[in-house]
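Colleague: From just these sequences and the hints, can you work out the full model?
In order, the protein sequences belong to chains X and D. Per my numbering: the first sequence ends with 425, consecutive numbering throughout. Per my numbering: the second sequence ends with 425, consecutive numbering throughout.
A few of these clues could be false.
Okay, derived cross-link-like pairs now, EDC-like style, lysine to aspartate or glutamate, Cα gap no bigger than 20 Å in a straight line [claimed, not checked]:
1. Lys418/D to Glu98/X
2. Lys170/D to Asp415/D
3. Lys366/D to Glu98/X
4. Lys278/X to Asp415/X
5. Lys366/X to Glu98/D
6. Lys24/D to Asp50/D
7. Lys366/X to Glu404/X
8. Lys379/X to Glu404/X
9. Lys366/D to Glu393/D
10. Lys379/D to Asp328/D
11. Lys366/X to Glu385/X
12. Lys418/X to Asp328/D
13. Lys278/D to Glu17/D
14. Lys418/D to Asp328/X
15. Lys349/D to Glu178/X
16. Lys418/X to Asp415/D
17. Lys349/X to Glu98/D
18. Lys260/X to Glu216/X
19. Lys260/D to Asp219/D
20. Lys170/X to Asp415/X
21. Lys260/X to Asp360/X
Since the hints were derived computationally from the structure, they do not count as laboratory data.
2 protein chains.
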Amino acid sequence: MREIEGGVCAPKGFRAGGIRCGIKASSSKRDLALILADTPCTAAAVFTTNRVKAASVLVSREHLAQGICRAVIANSGNANACTGSEGLAAARRMAALAGRVFAFPAEQVAVASTGVIGVPLPIAAIEGGMDDLAASLTADASGHEAALEAIMTTDTRKKGGALETEIGGAAVRFGGMVKGSGMIHPNMATMLGFITTDAAISRELLDRALRRSVARSFNRLTVDGDTSTNDMVLVMASGAAGNPPIEKEGAGYEAFVEALETLCVKLTRAMARDGEGASRLLTVTVRGAVDEAAAEALAKSVASSSLVKTACFGADANWGRVLCALGYAGVSFDPEKVAVRFASAAGDILVCRKGAPVPFSEEKARKILLEEEIEIRIDLETSSGGLGGPGEAVVWGCDLTYDYVKINGDYRT
Amino acid sequence: MREIEGGVCAPKGFRAGGIRCGIKASSSKRDLALILADTPCTAAAVFTTNRVKAASVLVSREHLAQGICRAVIANSGNANACTGSEGLAAARRMAALAGRVFAFPAEQVAVASTGVIGVPLPIAAIEGGMDDLAASLTADASGHEAALEAIMTTDTRKKGGALETEIGGAAVRFGGMVKGSGMIHPNMATMLGFITTDAAISRELLDRALRRSVARSFNRLTVDGDTSTNDMVLVMASGAAGNPPIEKEGAGYEAFVEALETLCVKLTRAMARDGEGASRLLTVTVRGAVDEAAAEALAKSVASSSLVKTACFGADANWGRVLCALGYAGVSFDPEKVAVRFASAAGDILVCRKGAPVPFSEEKARKILLEEEIEIRIDLETSSGGLGGPGEAVVWGCDLTYDYVKINGDYRT
Numbered sequence: 013m014r015e016i017e018g019g020v021c022a023p024k025g026f027r028a029g030g031i032r033c034g035i036k037a038s039s040s041k042r043d044l045a046l047i048l049a050d051t052p053c054t055a056a057a058v059f060t061t062n063r064v065k066a067a068s069v070l071v072s073r074e075h076l077a078q079g080i081c082r083a084v085i086a087n088s089g090n091a092n093a094c095t096g097s098e099g100l101a102a103a104r105r106m107a108a109l110a111g112r113v114f115a116f117p118a119e120q121v122a123v124a125s126t127g128v129i130g131v132p133l134p135i136a137a138i139e140g141g142m143d144d145l146a147a148s149l150t151a152d153a154s155g156h157e158a159a160l161e162a163i164m165t166t167d168t169r170k171k172g173g174a175l176e177t178e179i180g181g182a183a184v185r186f187g188g189m190v191k192g193s194g195m196i197h198p199n200m201a202t203m204l205g206f207i208t209t210d211a212a213i214s215r216e217l218l219d220r221a222l223r224r225s226v227a228r229s230f231n232r233l234t235v236d237g238d239t240s241t242n243d244m245v246l247v248m249a250s251g252a253a254g255n256p257p258i259e260k261e262g263a264g265y266e267a268f269v270e271a272l273e274t275l276c277v278k279l280t281r282a283m284a285r286d287g288e289g290a291s292r293l294l295t296v297t298v299r300g301a302v303d304e305a306a307a308e309a310l311a312k313s314v315a316s317s318s319l320v321k322t323a324c325f326g327a328d329a330n331w332g333r334v335l336c337a338l339g340y341a342g343v344s345f346d347p348e349k350v351a352v353r354f355a356s357a358a359g360d361i362l363v364c365r366k367g368a369p370v371p372f373s374e375e376k377a378r379k380i381l382l383e384e385e386i387e388i389r390i391d392l393e394t395s396s397g398g399l400g401g402p403g404e405a406v407v408w409g410c411d412l413t414y415d416y417v418k419i420n421g422d423y424r425t
Numbered sequence: 013m014r015e016i017e018g019g020v021c022a023p024k025g026f027r028a029g030g031i032r033c034g035i036k037a038s039s040s041k042r043d044l045a046l047i048l049a050d051t052p053c054t055a056a057a058v059f060t061t062n063r064v065k066a067a068s069v070l071v072s073r074e075h076l077a078q079g080i081c082r083a084v085i086a087n088s089g090n091a092n093a094c095t096g097s098e099g100l101a102a103a104r105r106m107a108a109l110a111g112r113v114f115a116f117p118a119e120q121v122a123v124a125s126t127g128v129i130g131v132p133l134p135i136a137a138i139e140g141g142m143d144d145l146a147a148s149l150t151a152d153a154s155g156h157e158a159a160l161e162a163i164m165t166t167d168t169r170k171k172g173g174a175l176e177t178e179i180g181g182a183a184v185r186f187g188g189m190v191k192g193s194g195m196i197h198p199n200m201a202t203m204l205g206f207i208t209t210d211a212a213i214s215r216e217l218l219d220r221a222l223r224r225s226v227a228r229s230f231n232r233l234t235v236d237g238d239t240s241t242n243d244m245v246l247v248m249a250s251g252a253a254g255n256p257p258i259e260k261e262g263a264g265y266e267a268f269v270e271a272l273e274t275l276c277v278k279l280t281r282a283m284a285r286d287g288e289g290a291s292r293l294l295t296v297t298v299r300g301a302v303d304e305a306a307a308e309a310l311a312k313s314v315a316s317s318s319l320v321k322t323a324c325f326g327a328d329a330n331w332g333r334v335l336c337a338l339g340y341a342g343v344s345f346d347p348e349k350v351a352v353r354f355a356s357a358a359g360d361i362l363v364c365r366k367g368a369p370v371p372f373s374e375e376k377a378r379k380i381l382l383e384e385e386i387e388i389r390i391d392l393e394t395s396s397g398g399l400g401g402p403g404e405a406v407v408w409g410c411d412l413t414y415d416y417v418k419i420n421g422d423y424r425t
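Modeller: Following this line, the structure appears as structure tokens:
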């Protein structure tokens with residue numbers, strides 16, 4: 013497996029593009045994106061679990077019910093959520109517009125929106141931009157970059173990637189892009205993510221592979237505990253790689269999942285690093301829990317804690333807050349057997365053992381925590397008889413900073 | 013029922029005091045408090061649900077098992093949590109010291125600690141301060157004030173109160189104090205709270221009354237989603253008021269609960285107003301849910317949302333974030349029937365009806381949200397047949413500000 017260039021355009025059979033159509037009235041940024049497959053693709057998607065779902069989520073879920081997708085059209089600057097029946101009609105119209113330009117049914121188009129909630133979507137702007145959008149499509153990295161720019165809101169970095177692996181003797185490629193910076197909390201897919209692959213794979217296995225990969229990547233990400241109304245992760249498989257079609261579990265499927273999960277984790281880390289206002293990427297690792305689900309719940313509780321997040325911002329080795337957050341995770345463990353280490357490129361340091369303080373150098377701890385990527389390693393230290401066990405999980409998050417408050421204190425104006 | 017002065021010293025039979033013994037090494041603030049009853053009191057308490065419990069919580073739970081309490085000794089500046097067997101010994105020693113000075117068993121003393129986690133409690137400082145502490149006791153408001161000061165950490169305001177009501181022809185008084193500013197989230201008692209009353213009441217009914225009052229006050233408060241390791245709310249009833257003892261449910265019990273709940277709500281609002289870094293008190297009211305528990309879950313989700321909290325800080329009428337937070341509360345409701353109003357002393361304004369936008373004056377909304385106490389009123393607007401119903405609940409919180417980040421970015425130094 014190796015990283016390659018090109019993003020969603022790296023796999024065979026895909027083009028992408030992005031333009032500015034005027035949804036972001038006060039800015040000169042791109043706001044309308046399209047990813048187009050040359051042929052109908054096998055598709056799978058996961059959507060937000062928020063009970064309040066954006067019109068785009070409702071329409072995409074309906075359109076993807078058959079597992080076939082030809083294109084995804086996405087806008088930024090407006091979430092088209094809480095917009096009533098008018099918003100639903102606008103989302104349907106977006107799909108129809110894309111279908112009309114390329115002469116295929118609207119049902120083969122997925123729709124995504126991101127931006128402010130509760131403001132009617134300016135569908136006329138999208139309609140007026142369709143010709144430019146079609147003209148912007150390319151099959152190389154520039155199309156990927158333009159589409160990626162067009163789905164960004166408070167994102168400060170472009171978050172995409174691609175890789176190549178071998179399945180059944182054929183070179184198979186995966187490409188992806190995500191947007192997401194705030195309103196991010198692990199609960200299904202908590203952002204927008206579009207992934208392409210040229211693998212040949214059955215719809216059932218594509219769906220299974222996506223769910224498994226998302227469970228171990230995007231669903232282990234938290235920025236601020238707010239699960240968005242608009243989240244979706246979509247994968248489209250063109251089959252153009254020429255691999256023996258993946259139609260049952262086995263070596264081919266495992267290679268596929270490994271590559272998909274690797275790409276998803278890369279994109280997840282990129283989102284954590286670009287969390288709203290974030291200055292540090294925080295990785296929380298829990299080992300020795302009763303099972304993986306318990307480890308995940310404990311790690312999420314730590315990564316979600318406002319007090320842990322502000323301590324990371326301040327490079328303060330306040331491990332007591334880590335234990336506190338473990339304690340309210342709703343999972344059984346023995347507080348008197350917990351060990352905590354802080355780690356980064358600057359080294360690692362043990363700060364707590366058996367749930368009690370160990371002497372450590374505050375200076376060294378601070379140096380470790382001043383790095384841009386830091387890790388909190390939690391070992392529940394129990395394996396025999398008691399509550400501990402082999403469960404482990406990694407969760408990603410970021411620090412809580414002045415800039416988070418600034419960005420969200422006045423988002424709409 | 014009327015408000016009176018004197019705090020925990022207002023009811024008959026209580027004295028209080030507070031001194032500086034040196035736990036807060038870098039400050040000249042008081043850090044050791046005592047509330048003493050003239051006679052053994054009937055007592056009830058609720059404790060943190062965090063699995064990581066401070067030594068003070070473990071010892072107090074043990075000592076209060078018989079429902080009898082004579083004194084509570086409390087320190088600030090050190091939480092005595094995650095401090096191992098040494099910490100447990102220190103907490104027992106605190107109780108024993110108080111018992112020895114006044115010649116009653118250590119088992120009649122409750123212990124509370126608040127401050128930094130994971131640092132050994134300097135028990136010698138407490139021991140050295142015991143004579144001064146005993147000398148500081150008074151039966152008037154000054155003792156209440158001194159004790160209250162001595163339990164504060166990041167609190168910026170003293171949060172206490174007292175009221176008088178009539179039960180069975182006798183004037184009965186209630187007094188209370190709380191500390192709590194950060195690490196506050198509804199889950200049992202999420203702070204320190206000491207309440208005194210001179211009512212005569214059975215242990216069983218005192219316990220029932222406390223649980224009911226806490227459920228509708230302190231457990232409906234959130235500052236930052238972090239449930240502390242040290243929380244407790246303790247009520248001591250001296251019986252000195254001369255009311256007919258409350259030994260079964262009925263008018264006397266109802267009057268008792270009404271007064272206790274009123275005091276708890278007052279103290280809860282004071283804590284929300286003094287949330288770490290807070291500039292505004294936020295009240296979230298949900299009506300028309302299936303039941304009270306559903307209404308509470310929905311209101312808590314809104315009050316806990318970092319995005320709602322930052323919008324309140326920015327006086328931004330971003331109601332879409334309110335709907336988003338309702339949507340991930342894990343409770344069924346119909347998103348298309350939700351109405352949202354913002355209200356304060358400056359007026360009120362409807363911003364969302366049937367889950368969709370209604371035109372409103374941004375200027376007026378901003379004026380409303382610039383007040384120090386603001387309310388988000390959510391009506392699920394359903395009563396017939398569907399998911400809605402008579403359930404309503406009020407939850408208290410505060411905005412999320414730069415100062416929260418500042419306070420917690422470097423708490424220990």
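Colleague: All the hints need checking, so say for each whether the structure fits it.
Modeller: Hints and how they fare:
Annotation: proposed proximity of lysine 418/D to glutamate 98/X is violated, straight-line Cα distance about 43 Å (limit 20 Å). Between lysine 170/D and aspartate 415/D the CA atoms are separated by roughly 19 Å; this keeps the pair inside 20 Å, and the hint holds. For the given pair, lysine 366/D sits about 13 Å from glutamate 98/X by alpha-carbon distance, which is consistent with the 20 Å threshold. Restraint check: the Cα-Cα separation between lysine 278/X and aspartate 415/X comes to about 24 Å, which exceeds 20 Å; the hinted pair is violated.
Pair hint lysine 366/X plus glutamate 98/D holds up; C-alpha atoms about 13 Å apart against a cutoff of 20 Å. Pair hint lysine 24/D plus aspartate 50/D holds up; C-alpha atoms about 9 Å apart against a cutoff of 20 Å. For the given pair, lysine 366/X sits about 18 Å from glutamate 404/X by alpha-carbon distance, which is consistent with the 20 Å threshold. A distance of roughly 27 Å separates the Cα atoms of lysine 379/X and glutamate 404/X; the hinted pair therefore is violated under the 20 Å criterion.
Taking the CA atoms of lysine 366/D and glutamate 393/D, the gap is near 8 Å; set against the 20 Å cutoff, the hint holds. Of the supplied pair hints, the one linking lysine 379/D and aspartate 328/D holds, its CA atoms being roughly 10 Å apart against a limit of 20 Å. Simply put, lysine 366/X and glutamate 385/X have alpha-carbon atoms about 26 Å apart, too far for the 20 Å limit, and the pair is violated. At roughly 12 Å between alpha-carbon atoms, lysine 418/X and aspartate 328/D fall within 20 Å of each other, so this suggested pair holds.
At roughly 14 Å between alpha-carbon atoms, lysine 278/D and glutamate 17/D fall within 20 Å of each other, so this suggested pair holds. Straight-line distance between C-alpha atoms of lysine 418/D and aspartate 328/X comes to about 12 Å, which keeps the hinted pair within the 20 Å bound. Distance restraint check for lysine 349/D and glutamate 178/X: the Cα-Cα separation of roughly 51 Å exceeds the 20 Å cut-off, and the hinted pair is therefore not satisfied. Pair hint lysine 418/X plus aspartate 415/D holds up; C-alpha atoms about 11 Å apart against a cutoff of 20 Å.
Between the alpha carbons of lysine 349/X and glutamate 98/D the distance comes to roughly 15 Å, so the proposed pair stays at or under 20 Å and holds. Restraint check: the Cα-Cα separation between lysine 260/X and glutamate 216/X comes to about 9 Å, which is no more than 20 Å; the hinted pair holds. Restraint check for lysine 260/D and aspartate 219/D: satisfied, since their Cα atoms lie roughly 12 Å apart, inside the 20 Å limit. With a C-alpha separation of about 19 Å, the suggested pair lysine 170/X and aspartate 415/X falls inside the 20 Å cut-off, and the hint holds.
About 43 Å separates the Cα atoms of lysine 260/X and aspartate 360/X, which puts this hinted pair outside 20 Å; it is violated.
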